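**Q** So you can see what is in the structure, the chains are spelled out below.
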Amino acid sequence: MRERAITFGPANLVGIITQPDPGVARPDTPVMIILNSGILHRAGASRTYVQIARALADDGITTLRFDFSGVGDSEVRKDSIPIEERFIQETVEAMDYMQTVTGQRRFMVGGLCSGGDGAFWAGLRDERVVGVWQIDAFCYPTLGYRLRRYGPKLLDPRAWLHSIKVRLVKSDSNEEKDEESFVKPEYRRVFPPREEVGAGLGQLLDRGVDLYFLFTGGLEEYAYETQHEETFPRLRLDDRAELRYIGDCDHTVTNRQHQRILVDDLRAWSGRVAGAEAAELSA
Amino acid sequence: MNPFFFGPSERPLFGVYTHGKSGGGPEGAVLLCYPTGSEYMRAHRAFRQLNTLLNRVGLSVLRFDYSHTGDSAGHSEDASVATWLDDFDWAIEELKDNARVESVSVAGLRMGATLATRACVDRSDVEHLLLWDPIVSGGAYLDEVVGRPRPDGVVGVEGFPMTPSLREEIEHLDLTAAELTPKGMMSSILVAEDRPDYRQLADAWLGNGWEGSFRVVPSEGNWAQADPFGDALIPQQIIQSIVDELRVPTAR
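Chains as they are written, first to last, in the working numbering: chain B, 1 to 283; chain H, 284 to 535.
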C-alpha cells in the first residue's frame with residue numbers, strides 16, 4: 001500500500017490517494033472516492049475513512065479521500081456555488097483527476113451523512129459512477145417508524161409534558177457571527193422530498209449502479225431494518241442494493257466493532273461491484 | 284499550501300507546510316502539534332485557522348499527524364507515546380529544511396502540548412515552546428477518558444482505541460516533573476480556563492526556576508467534550524493570543 005498527498009482541480013482540493021501494492025493491484029477495478037461528512041476532514045470520524053482506504057488497497061482497489069473546499073485542509077472556494085452543487089461539482093472534479101492519473105473511467109463514491117448525500121447526487125449527475133454507498137442516507141418515516149418512535153410515548157404522560165416544554169422554549173437565534181478568518185463551514189442537512197429520492201434511486205438502479213446503505217440507530221429518522229425498503233420497495237426487489245441496520249451504532253460509527261463491520265461490508269461490496277463491472281466489460 | 288508525506292519510509296508522516304507571507308517582518312517557523320483521539324478531529328479546524336493567522340504575520344508553519352493518527356501511516360491500535368515523541372525529531376528537521384531556518388517555535392494543544400514539552404525541552408533548536416490547554420497529568424487525563432479502575436484490554440475512547448500499552452505510557456506523563464521545566468528557551472502556557480492543574484503546573488515550574496509566562500485567556504469550548512456530529516471548536520481569543528505570543532521578534 002502506498003499513499004500520496006495531492007492537490008487537484010480549480011479549487012486546489014487536498015486529498016490522499018491510497019494505492020495498492022503492484023502485486024495486488026487490479027487496474028480494471030473502479031476507483032473509490034470517499035467524501036467528507038459535514039465538517040469532519042478527510043480522515044473521517046474516528047479515522048474510519050483511513051481504515052476503509054487502506055483495507056480496500058489490500059484488495060487491489062485505489063481510493064481517493066479528499067476535502068471539499070472550505071473543509072479540512074482545502075481552501076475556501078472563491079466562487080459562490082451553492083453548497084449542494086459544490087459537493088457534486090467537486091466530486092466530479094475528483095473523478096476527472098483520478099481518471100487522468102489512473103486511466104480508470106468507473107468510480108464508486110460514498111460517505112457518511114452529507115458525504116453519502118453528495119455521492120447520491122454525484123451518481124445521478126455523472127454516469128462514470130457505478131457504485132454508491134451511504135451511511136445514514138436520506139430516509140423517510142413509515143407507519144412502522146411512527147409506531148416505533150411515537151407509540152411508547154403516546155402512553156407516557158411525561159413525554160407529553162416534555163413536548164409542551166420544548167415548544168415553549170425560545171430558540172437562540174443570536175449566535176455570535178464569526179469574523180472572516182474564523183468562519184466554520186456550515187452544512188444544514190435538508191432531506192429532499194421522498195419522491196425525488198425515490199426517483200433518483202430508481203435512476204441509479206436502472207443504470208445498473210450498485211448501492212450499499214448502512215443505517216445506524218444514531219439517525220433519529222430511522223428506526224428499523226426494513227424502513228428504507230418499505231419506503232422504496234424497488235430496493236427490496238433489486239439485487240444491486242444492499243442494506244444493513246445497526247440499531248446500537250451511533251451516527252459517526254465510533255464503536256470499534258461497528259467500524260469493523262462497516263469496513264468488512266465495504267470490502268465485500270466493492271469486490272462485488274468490481275466483479276460485476278468486470279463481467280459486464282467482458283460480455 | 285503543500286500537503287506531503289515526510290519522515291521515515293517505514294512510517295511516513297503526513298504534514299501540511301505553508302510558507303509565511305513575507306512582509307519585511309521577522310521570519311520564523313512554527314511546528315503545530317495536534318491533540319490526539321477525538322480531540323484531534325475537533326481541533327483540526329482551529330489549527331487551520333491558527334495556521335492561516337501565523338502565516339499572515341510572516342511565520343511558516345508545519346502541522347503534522349503523529350504516527351498512527353490522521354493520515355499518517357500506521358494502525359490506530361499501534362499508537363505509542365514513544366513513537367509520537369520520535370516523530371517530533373522528523374517534524375522539526377523537516378520544518379527547518381522547508382522554512383530554511385536554524386530554529387523553530389513549537390506550539391501544541393492538549394496531548395500535543397504535553398508531547399511537545401517532552402520532545403523539545405532539551406533541544407537547542409527550539410526557541411519558543413507554547414503549551415495550549417496542556418494535559419498536565421496523564422493519570423488525570425485517563426481518569427477522564429477511561430475512568431477508574433482502569434479497564435482491561437483495548438477500550439474505545441470516542442471511536443479511538445486506547446490500548447493497555449498506550450495507557451501505560453500516558454499514565455506516566457507528568458508535566459510537573461522537574462526535568463520538564465523549559466529552560467534556555469522562551470516558553471508560555473496559555474489556557475482557556477483557570478484550573479487548579481494548570482496553576483499547579485505553573486507553580487511547579489516556577490519553583491524550578493522557570494522564566495516563562497502563564498496566561499489565562501477565557502475562551503469558549505471544551506476539547507474533551509466530544510460532539511456526536513464532530514463539531515469544530517474555534518476558540519478565537521486564545522488563537523489570537525497564540526499568534527501574538529509567537530510573533531514576538533526574537534534574535535535569530
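Hints in this document: simulated from the structure, not taken from any laboratory.
Owing to the predicted nature of the structure, the values given are computational and were not obtained by experimental measurement.
One thing to keep in mind: the hints can contain errors.
Unchecked claim - Partial list, derived from the structure: chain B residues whose beta carbon lies under 10 Å from chain H: (1) Glu3; (2) Gln19; (3) His41; (4) Gly44; (5) Arg54; (6) Ala199; (7) Gly202; (8) Gln203; (9) Leu205; (10) Asn255.
All C-beta atoms, glycine included, are put in the ideal place defined by N, C-alpha and C.
**Q** Each hint: holds or not?
**A** Structure-based check of all given hints:
With 10 Å as the threshold, the beta carbon of Glu3(B) comes within range of chain H, its nearest partner Cβ sitting at about 7 Å, so the hint holds. A cut of 10 Å between beta carbons decides the hint on Gln19(B): the least distance to chain H is about 13 Å, and the hint is violated. For His41(B), the interface hint holds, the least distance from its beta-carbon to any beta-carbon of chain H being 5 Å, beneath 10 Å. Taken as an interface hint, Gly44(B) checks out: its beta carbon lies about 9 Å from the nearest beta carbon of chain H, inside 10 Å.
Proximity of Arg54(B) to chain H holds as hinted, the smallest CB-CB distance being about 8 Å (cut-off 10 Å). Interface hint at Ala199(B): violated, since its Cβ lies 29 Å from the closest Cβ of chain H, which is beyond the 10 Å cut-off. With a cut of 10 Å, the hint placing Gly202(B) at the interface with chain H is violated, because the nearest CB-to-CB distance is about 30 Å. Interface hint status for Gln203(B): violated, as the beta-carbon distance to the closest one in chain H is roughly 30 Å, over 10 Å.
The interface hint given for Leu205(B) is violated, since its Cβ lies 30 Å from the closest Cβ of chain H, which is over the 10 Å cut-off. The interface hint given for Asn255(B) is met, as the beta carbon of that residue sits about 6 Å from the closest beta carbon of chain H, less than 10 Å.
In this structure, the hints that do not hold are numbers 2, 6, 7, 8, 9, in rising order.
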